[in-house]
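Here the structure of chain A is known, so what remains is to put chain B in place on it, guided by the hints.
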Amino acid sequence: MRLRSKVLAVVGAWCLVIALTPLMRDRFPAASGFLYLFFSPICHQLPERSFYIVGHQLPVCARCTGIYLGAFVGSLIASETPPSRWVLMVAIFPLLLDGGTQLLFRESTNTLRLATGLAAGCVASFYVYAGLCRWNYAKNEKLQR
Amino acid sequence: MGEAGIKGKKFIGHFLTHTMNCYYHPDRTSVAQCFTCAKNLCSDCVVMKEGRTYCKECLGTGESSIEMQQILIPGLIGGVVGGILSVAPVISILNCVLCLWIVVGGALAVYIAKRWSNIKGKISTGKAALTGAISGCVAAIIIVVIQFFSVGDFRSLLQEAAYTPEVRDALREAGITLEEIAGTLIVLTVLIMVVVLALFGALGGIISNEIKK
Numbered sequence: 001m002r003l004r005s006k007v008l009a010v011v012g013a014w015c016l017v018i019a020l021t022p023l024m025r026d027r028f029p030a031a032s033g034f035l036y037l038f039f040s041p042i043c044h045q046l047p048e049r050s051f052y053i054v055g056h057q058l059p060v061c062a063r064c065t066g067i068y069l070g071a072f073v074g075s076l077i078a079s080e081t082p083p084s085r086w087v088l089m090v091a092i093f094p095l096l097l098d099g100g101t102q103l104l105f106r107e108s109t110n111t112l113r114l115a116t117g118l119a120a121g122c123v124a125s126f127y128v129y130a131g132l133c134r135w136n137y138a139k140n141e142k143l144q145r
Numbered sequence: 146m147g148e149a150g151i152k153g154k155k156f157i158g159h160f161l162t163h164t165m166n167c168y169y170h171p172d173r174t175s176v177a178q179c180f181t182c183a184k185n186l187c188s189d190c191v192v193m194k195e196g197r198t199y200c201k202e203c204l205g206t207g208e209s210s211i212e213m214q215q216i217l218i219p220g221l222i223g224g225v226v227g228g229i230l231s232v233a234p235v236i237s238i239l240n241c242v243l244c245l246w247i248v249v250g251g252a253l254a255v256y257i258a259k260r261w262s263n264i265k266g267k268i269s270t271g272k273a274a275l276t277g278a279i280s281g282c283v284a285a286i287i288i289v290v291i292q293f294f295s296v297g298d299f300r301s302l303l304q305e306a307a308y309t310p311e312v313r314d315a316l317r318e319a320g321i322t323l324e325e326i327a328g329t330l331i332v333l334t335v336l337i338m339v340v341v342l343a344l345f346g347a348l349g350g351i352i353s354n355e356i357k358k
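Line order of the protein sequences matches chains A and B. With my numbering, the residue at position 105 of the first sequence is 105, and numbering never jumps. One rule links them: number in my numbering = place in the second sequence (from 1) + 145.
If we strip away everything but chain A, and leave its shape as in the complex, we get:
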């Protein structure tokens, strides 16, 4: 199995669990409850800032949903070498601006949270993928010796 497939499988599984949590809610409430609990330390889970599937909210907010989906898309197109740090700063700036200003004087929308999360998650995954590539390369080199 190639590295990209492995990364996509892991990130895809993470996204799938997020989507399955509300879908399992009516049939398997205990399992669904556990998954909501699992995601609670990493997301505020505010109902008004989350998307809903079949009448139940996702276990993470719209911004986190965007970041994870962005990480999946980013893992599809990431190359072995990371881009310059400026690319990361440019991608994260809208997310911080949206998240920061909504604490002070405005209320953001779920669409904006999703969009800024998508950009940041996508670009952040480029760096993680490049790191995993180097790890994989070093591991293979050790095996060849």
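Among the clues, some could well be false.
To be verified - From the structure, some residues in chain B lie toward chain A, with a derived Cβ separation under 8 Å: (1) V242; (2) S269; (3) N354.
No lab work stands behind these hints: they were computed from the structure. All C-beta atoms, glycine included, are put in the ideal place defined by N, C-alpha and C.
Relative to chain A, chain B alone:
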């Protein structure tokens, strides 16, 4: 030739000397350029992969080694910083952005580890992830301890974890009340926090290690 002309000639001479020679061995002539960072490389420094030339640093073979004891203290510092910022009034709200302070703590831990060990390049991804993970674990423990001492028991942690109406409703429909399983749920919540925050700290560590100037 005027002064400007001499200066110009000197500049071109300096530019050629420094650009046509190997980046790592300035006394050797370069034979290739790295596909990624465009550094000039001599025959000892060039690595061929899939028809392209790379430097060892970009391909990971030039990773600087770092020992376990060199990452423990930076991991601890990153964790303390991440943990305190995660519970500090007002600024802790920025944790809404994908556990920002935990990721920053992991990134800071790797940065400190490299600075203290005088490493200018990259360390191995495994060590970067481990440093970030240590930072995430420490941050999780700090968050739990501070919440415990600020309120007096773990109930606040439980209330926060089960804040979402979906969690309460799901548990109620499964015939379980929060009070019944409070002990188990608190242990579970702490374990989940340690594992998940370690994961986010590791991501911060990897990203910090990969960022290049």
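Hint check:
1. At a threshold of 8 Å, the smallest CB-CB gap from V242/B to chain A is about 5 Å, leaving the interface hint in force.
2. With a least beta-carbon distance of about 6 Å to chain A, the hint placing S269/B at the interface is held under the 8 Å criterion.
3. The beta carbon of N354/B comes within 6 Å of a beta carbon in chain A, closer than 8 Å, and the hint placing it at the interface holds.
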